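Student: Here's the letter readout for the chains.
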Amino acid sequence: MEFNTQLLYAHDQILLALMIFVIMLGMGASLTIDDFKAVARSPRGVFIGFLSQFGLMPLIAFSIATIFNFHPAFAISLILIGCLPGGTTSNMFTYFARGSVALSISMTIASTLLALIMMPILLGFYTSGFTAQINAEMQASGTGTFVIPTGNIVSSLVLVLIPVLLGMIIRRKWPDWAKTAEDTAGFVGIIVILYLVFTAFTRHGSLFMKTPVEVYIGALGLGLIGFFFGYWFSRAVGMYPLFQRAISLETGIQNGPVAFAVILLSFHEPVQSQMLWLAILYSTFIVITSSVITLVFRSRGQFDWDVYKNVTIHNRLFGKDYVTSYPQGFLTKRLINDPSQGTSPAQKRDVKE
Amino acid sequence: MSKRIIAENLALFYREAARFYGDLPAFATRKRALEWQPVSYSELYEQGMDLATGLIELGVNAREHIGLFGDNRYEWMLADYAVQFCGAADVPRGTDVTDSELVYIINHAGIRFAFVETVDLQRRVLELRDQLPSLKEIILLDPNGHAESGVRKLIDVLNLGSRLRIDGDRQAEIRMADIKPEDLFTLIYTSGTTGTPKGVMLTHSNIISQIKTLPGIHNCNDRVLSILPIWHVFERVIEMYTISFGGCTYYSSVKTLGEDLRNVEPTFMASAPRVWEKLHERIIKGVKSSHPVRQILFHIAYYLSKQFKASEYFITNRYLKLQHQPSWKHWFLLPLHLLRWVMVLPWYGFFNVAVLERIRLGAGGALKTTISGGGALPAEIDQFFNNVGIPVLEGYGMTETSPVISVRPSNNLVVGTVGPPLPETKIKIVDPISGDTLYPNEGLPYTGRGIKGEIWIKGPQVMKGYYKEPELSAQTIKDGWLKTGDLGMITHNNCLKILGRCKATIVLSNGENVEPEPIEMRLQQSQYIDHCMLVGQDKKFISALIVPVLSEFHQIGIPVNSGKELIVNPEVQKIIREEIRRMTSNGSVRYQQIKDFRLLPDGFQVGEELTNLHKLKRHVIQEKYNHVIEELFASDTIKGF
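If you read the sequences in order, they're chains F and Y. Here the first sequence is numbered in full-length UniProt numbering, starting from 1 and rising by one per residue. Here the second sequence is numbered in full-length UniProt numbering, starting from 1 and rising by one per residue.
Do not take every clue at face value.
[Claimed, not checked] The list that follows gives simulated cross-link-like pairs (lysine-lysine, DSS-like), each with its CA atoms no further than 25 Å apart:
1. Y:368 / Y:3
2. Y:452 / Y:615
3. Y:617 / Y:483
4. Y:153 / Y:31
5. Y:464 / Y:426
6. F:179 / Y:285
7. Y:458 / Y:483
8. Y:617 / Y:540
9. Y:368 / Y:278
10. Y:212 / Y:428
11. Y:368 / F:309
12. Y:426 / Y:478
13. F:37 / F:173
14. Y:478 / Y:617
15. Y:288 / F:179
16. F:173 / Y:497
17. Y:180 / Y:478
18. Y:3 / F:333
19. F:309 / Y:3
20. Y:212 / Y:285
21. Y:368 / Y:503
22. Y:497 / Y:624
23. F:173 / Y:285
24. Y:31 / F:309
25. Y:574 / Y:595
26. Y:503 / Y:452
27. F:320 / Y:31
[As the list claims (entries may be wrong)] Per the computed footprint, the stretches of chain Y lying under chain F, defined by three or more beta-carbons under 8 Å from a beta-carbon of chain F, are:
28. 21 to 29
29. 346 to 353
It should be emphasised that the hints constitute simulated quantities derived from the structure, not laboratory data. Here the structure is a predicted model, which means the values were calculated and not measured. C-beta: ideal position from N, C-alpha, C; glycine also.
Using the sequences and the accompanying hints, generate a full structural model.
Tutor: Set out below in structure tokens:
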């Protein structure tokens, strides 16, 4: 499928840029220096998260693109989304999914900083086949050459980090404004995404029909498969349920605004509109899928969360050496046998077989 | 995962709890904001057995009444454990008990052994000792207090029992096995502020039925914050219920409540309407002082939640149904509500997580549910918390019913009602004048739903009777039916709605009972006051409606010709205010002080506001002068959104 017209008009692009700014500002406003220090405190969780985010996700994206034989532009876009760092949205979902918010924040910080190195490397690695394909097509039609603009990608990543930094400054100096910025950011994000989908619908109504089915599958599946693998991978390596849920959500939910920024700043037509379209679809679907996953996690995680909270509060109020001993048969087998006992803050409980 | 332990009587219940929940914390005492002292179920049980053995050694008999004067603290619970293990019953009262009440209760209940919590209370009891011929032993609960001569310390009695048990004393076990379900576990004197207090006899089977039938899904991961006075049976039953599922009760206080909510993050608590009013005030103040953008976000969030919940309640048939809804109307409205529900859902979802969650964190953020009892929850407050997402389950009951009669369970939460009656509890609505049964009555449309009358109840929680008051008991309980003195109706979705009182007693929002008649009689002794009626049900204080005597004011030279002129005359207002002060100055306790009054222009007429015997028809006056009463308490109510 080809786009006859540009997907976004100039004013849409400005709106999008504004949204990126507000969201990244909100992300910065939610972070403190302590959050950075916390990364060092749970290195294991952050490392597992890192493997899951930069190991699993790009591979999943690449596999989907290859299996469904994606058009190269869509393939590059999907892989780009797969290589993105996590955003603050995942922190909110993690909170409601009864996951470890501290780990989620640590992972967001770590992945955002690491993205500066990892994204160009992974992108170059996984997209080489698709890039060559576009390049060959373009050379055949005599419209120039195509390479992945590595330098541009790094500089656009640096660019989106500026509002994050600004947000952090606001948090330090004007905490009241910071809270407002945090609340508004999420709302603005949803409004702009909905607006873009709506305008795409009215302006290019046929776009939805023309979009190949596999693109929908990719946009929807990337997040879902990410959740799935993030959850089971962290479980397999013995993370505590609280951490599993955080890693799962962090893996599946990518920082959409960064994708928009990178695509707008580093790519050009004929691939830009197609890449943007997939990014918009992904951003729309991920809100719905992560809401559903969050509700599932929330109800399934109720019991281990209650145990975790109760033990934590006992240690908070009765002293850090207090051991909560549950009656026999109260804790589920899985919680008793959890190999990650020692990595969890909720380790202070008697395990009675 | 929810489990409750149940036993035949409280003593066995306590033992079962220790057997099941062993080392889990049962009660926690606050020392500092982040330093609490826990006591486990087995420790509590062991200490209780020791103390019981000590008490038996001192001469406590089975089924005797033991005074327990104090407020919420671990030692109170320990004393209660011991009393139950002795096969005795306790007579509880808070430290705010007056001297005359102390004398009355101790003598009326024939108390030989009494626990006193504080040094101050110890002093008062010692000073009154001459008037307390039956009182033999006083035991001081406060471990840090100094016991006067003739007063034992709790720890000494406990150690005495401990030594005996080490030597193989097993008298407590014998006593426990001997408890019958119909034996008293407590004798609670209701806070009759004037006249004599009445001793409500509650049995083991009463309280066990409550533990068994209270709705709720909890387990030993639950934390319960305790702020209501333990000697009120409502708080007590919630603490017993907490023991049944192995939760931990954290003793908080009104002063530290905000802090404790954040630190303990309770999942459940019993509360009075006052607690929610306070919290509501604080939340609104917080919102108003926040950033303008956040204020707007809050208002949007609240609005969306209101719309969403309204549709949800409609769809799930949980709205206030005072009148019968024809089914065509329901089917007509249903698609509209479904549409609104779907349309609002994503927006509500977003604002719920982004904005309302912050509000919920103000109440600790972990509250699954809370039961409000001991007075009616103002409608705006009720709606506010349910819209914000803190499910407040309003309950209804009285000391005489140990106490819960009905409560809204969280899966059938009809705001504005007090829910369906507990299992095994039957409710009858009776015409207060003719005595005819209005509900359930096959002869009436919808078997009498939606008709107002006096609430009668029958069930396993109904008291044995008033102690040494057979006549009063027989008047209150007829054929097993207890007359509550409250007016109410059954809604069309089978919930109970409370609509006021037909008995004179006024229950203030802090749970204190005020008998208005003696005060009214005293006021009417004034030459300037023709009639008067006290009002203040569910309010913070009492006020008076007063009919002045026109002729008296003429005589002292105040030129007024009609009631209408009279009531606006500042001179008259001043005289009446003086009269109220003069007539109520002697011996009234704090909450009885009349805070405000309104003069009525027209006298009360026989057949209208008065019965043939010149008694006040309270509900008639209440309805007729509703606007005046509302104005009186206008500053007392807090507007919702």
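Student: Decide, hint by hint, whether the structure agrees.
Tutor: Status of the hints after comparison with the structure:
Among the hinted pairs, residue 368 of chain Y with residue 3 of chain Y is consistent with the structure: their alpha-carbon atoms are about 17 Å apart, no more than 25 Å. Restraint check for residue 452 of chain Y and residue 615 of chain Y: satisfied, since their Cα atoms lie roughly 22 Å apart, inside the 25 Å limit. About 18 Å separates the Cα atoms of residue 617 of chain Y and residue 483 of chain Y, which keeps this hinted pair within 25 Å; it holds. Taking the CA atoms of residue 153 of chain Y and residue 31 of chain Y, the gap is near 21 Å; set against the 25 Å cutoff, the hint holds.
Only pairs whose Cα atoms come within 25 Å are accepted, and residue 464 of chain Y paired with residue 426 of chain Y is accepted, the gap being roughly 17 Å. Between residue 179 of chain F and residue 285 of chain Y the alpha-carbon distance is near 17 Å, which keeps this suggested pair within the 25 Å criterion. For the given pair, residue 458 of chain Y sits about 9 Å from residue 483 of chain Y by alpha-carbon distance, which is consistent with the 25 Å threshold. Note on residue 617 of chain Y and residue 540 of chain Y: the hinted pairing holds, with a Cα-Cα distance of about 23 Å set against a maximum of 25 Å.
Using a Cα cut-off of 25 Å, the hinted pair residue 368 of chain Y and residue 278 of chain Y holds, with the two alpha carbons roughly 20 Å apart. Simply put, residue 212 of chain Y and residue 428 of chain Y have alpha-carbon atoms about 22 Å apart, close enough for the 25 Å limit, and the pair holds. With a C-alpha separation of about 14 Å, the suggested pairing of residue 368 of chain Y with residue 309 of chain F holds against the 25 Å cut-off. This hinted pair checks out: residue 426 of chain Y and residue 478 of chain Y have alpha carbons roughly 14 Å apart, not beyond 25 Å.
Among the hinted pairs, residue 37 of chain F with residue 173 of chain F is consistent with the structure: their alpha-carbon atoms are about 20 Å apart, no more than 25 Å. Between the alpha carbons of residue 478 of chain Y and residue 617 of chain Y the distance comes to roughly 24 Å, so the proposed pair stays at or under 25 Å and holds. Using a Cα cut-off of 25 Å, the hinted pair residue 288 of chain Y and residue 179 of chain F holds, with the two alpha carbons roughly 15 Å apart. In summary, the hint linking residue 173 of chain F to residue 497 of chain Y is not supported, as the alpha carbons are separated by about 52 Å, beyond the 25 Å threshold.
Proposed proximity of residue 180 of chain Y and residue 478 of chain Y is supported: the alpha carbons are some 24 Å apart, at most 25 Å. A threshold of 25 Å between alpha carbons decides the hint, and for residue 3 of chain Y with residue 333 of chain F the separation of about 18 Å falls inside it, so the pair holds. Restraint check: the Cα-Cα separation between residue 309 of chain F and residue 3 of chain Y comes to about 19 Å, which is no more than 25 Å; the hinted pair holds. In summary, the hint linking residue 212 of chain Y to residue 285 of chain Y is not supported, as the alpha carbons are separated by about 40 Å, beyond the 25 Å threshold.
Proximity of residue 368 of chain Y to residue 503 of chain Y is assessed by CA-CA distance (about 35 Å); at most 25 Å being required, the pair is judged violated. Our distance criterion of 25 Å between C-alpha atoms is met by residue 497 of chain Y and residue 624 of chain Y, whose separation comes to about 21 Å. A hinted pair counts as satisfied when its Cα atoms are at most 25 Å apart, and residue 173 of chain F with residue 285 of chain Y qualifies at roughly 24 Å. Simply put, residue 31 of chain Y and residue 309 of chain F have alpha-carbon atoms about 21 Å apart, close enough for the 25 Å limit, and the pair holds.
A hinted pair counts as satisfied when its Cα atoms are at most 25 Å apart, and residue 574 of chain Y with residue 595 of chain Y qualifies at roughly 14 Å. Using a Cα cut-off of 25 Å, the hinted pair residue 503 of chain Y and residue 452 of chain Y holds, with the two alpha carbons roughly 15 Å apart. In summary, the hint linking residue 320 of chain F to residue 31 of chain Y is supported, as the alpha carbons are separated by about 16 Å, within the 25 Å threshold. Look at the region 21 to 29 of chain Y against chain F: 6 of its residues bring a Cβ nearer than 8 Å to a Cβ of that chain, three or more, so the hint holds.
Only residues whose beta carbon comes within less than 8 Å of a beta carbon in chain F count, and the region 346 to 353 of chain Y has 3; three or more means the coverage holds.
The structure does not agree with the numbered hints 16, 20, 21 stated previously, though it agrees with the rest.
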